[in-house]
Amino acid sequence: MTLHRRTALGLGLSALTAPALAQPARATARVVVGFPAGGSADTTARLIAERLRGTYAQNVIVDNRVGAAGRLAVEAVKAAEPDGNTILLTAASMLVIFPHLYRPTTLRYDPFADLLPVTPAGEFPFGMGVGPMANSLGTLAAFKEWGAGKTDIPYSSAAAGSMLHFLGVQVAKATNLSMTHIPYRGSAPAIQDLIGGRLAASYHPMVDLAPHAATPGGPVRLAGVSSEQRLPRFPDVPTFAEQGYPQLTGSEWFGLFLPARTPAAVQESLNRIAVEAIGTPDYRDAIARLEMRPYPLSIADFTRRFRADYDKWAPIIAESGFRPEET
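Residues -22 to -1, 1 to 305 in mature numbering (1 follows the signal peptide of the UniProt record, and there is no 0) are what the sequence shown spells out, letter by letter.
Treat the hints with care, since some could be wrong.
Stated by the list, open to error - Mimicking DSS-like on lysine-lysine, the simulated pairs with C-alpha atoms at most 25 Å apart in a straight line are:
(1) K151 x K122
(2) K151 x K290
(3) K151 x K128
Everything labelled a hint here was simulated from the structure, so no lab data went into it.
Given the structure is predicted, the values throughout are model-derived calculations rather than measurements.
Taking the hints into account, I'd like the entire structure generated from these sequences.
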């Protein structure tokens, strides 16, 4: 009787402790994002947080550290304890563009020394919107023909010093057109001025351009997209590469990072859990509404992509001669 009672007791304890052992080791983790609530970066961070909750940590919260064009969030994660409880979700520009623009006294982080890459959460292409000033032309060749001989053709992006800004620089060089960048704070006002005829072209993530370019015969048409393949929503819009400009192919990613000195086992665990979450159909469908695609990578592959993007933009930025007011 005693043996049976002990065996039953042991089984009962095992049953009670098994769920506890299945719980994540950490109680709370936070995903730090450098942009306000409601935007694509914040939405992606919340989608990731939902899928890390209960797997990577018992609770995962999103911490919006808004300011300095996303730099404050990077600084906050750099300064965090390297215990795996603080995760950065940032756009590529903060790490592969900004180091070529700002002095170390302004950019108070080194993207390679201060952060550990985990995986991209997704990537998104850019579109070149053309407005009534340029007759809402639908190809890069037509835009080039329209702009030939003109000077200081105004184009815009959502922010000076962004990847979009320098895509415009690349287009001007590739087409041999005289174009002047007009910086805006955000896509909405730039697209409104494009529609209003104050700009010839404007470069934006497709999530911002798509609602305006999807209307047949509307004032905004896409002259091209930067993706490697045509976009499912816009099958009639050719890529830049299809139009003879493969150097304009590219995209921006939202990446997950940890503070430097975080143990490799934690970095690998987060990569494994995040990659699994990013690969699910529900995540794919959720970010498709942001005109993004899942982009899960191993740590090694993401490190290579990270370095390649950093190296790619260095000569483009240097040749542009652009320097932000705050350097």
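(request) Please flag the earlier hints that this structure goes against, numbers listed from lowest up. (result) none
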